[in-house]
Amino acid sequence: MDAKNMMCAADPRHDRYLTASAMFRGKMTKEVDEQMTNVQNKNSSYFVEWIPNNVKSSVCDIPPKGLKMSSTFVGNSTSIHEMFRRVSEQFTAMFRRKAFLHWYTGEGMDEMEFTEAESNMNDLVAEYQQYQDATVEDEGEYEKEGLEENYES
Numbered sequence: 745m746d747a748k749n750m751m752c753a754a755d756p757r758h759d760r761y762l763t764a765s766a767m768f769r770g771k772m773t774k775e776v777d778e779q780m781t782n783v784q785n786k787n788s789s790y791f792v793e794w795i796p797n798n799v800k801s802s803v804c805d806i807p808p809k810g811l812k813m814s815s816t817f818v819g820n821s822t823s824i825h826e827m828f829r830r831v832s833e834q835f836t837a838m839f840r841r842k843a844f845l846h847w848y849t850g851e852g853m854d855e856m857e858f859t860e861a862e863s864n865m866n867d868l869v870a871e872y873q874q875y876q877d878a879t880v881e882d883e884g885e886y887e888k889e890g891l892e893e894n895y896e897s
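Residues in the sequence shown are numbered consecutively from 745, following our numbering.
Don't read these hints as lab results, they were simulated from the structure.
Listed below are the simulated DSSO-like cross-link pairs for lysine-lysine, each with C-alpha atoms no more than 30 Å apart in a straight line:
#1 786 / 774
#2 786 / 771
#3 786 / 812
#4 774 / 800
#5 800 / 786
#6 774 / 812
#7 771 / 800
#8 809 / 771
#9 809 / 774
#10 800 / 812
#11 812 / 771
Since the structure is predicted, the reported quantities are computational estimates derived from the model, not experimental observations.
Please put together the full structure from these sequences, using the hints given.
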């Protein structure tokens, strides 16, 4: 759970995981689930409290070629909103100048598609920020908002 292990420039230590999956390959102890529960309990402040059992683990006894064992941790962290925000800011700066836009409109895209994509990205950033601060008590509020959005569609 260190920023050095991320595939993009996002620091999960300041944010929270919504869900995660740990995959293990090779001959190892069968106590993986118990150890993963211990890891989650030890790092509970890094996980949202309102998604129960949000860490899943799997074990495959066959190791990857050339190794005795390996593990992979994949997590959906609210820290990704930092990267989405940076991309959105860079896109907005280029779109205002209409940089490279002619290449896309020349292939049949409409300028409105870019405006819609920008709006979708901003909504995604806002949603991740909202989930980062959410608590169990807020659950009914988010369900109500989701129902309202479904009726509007």
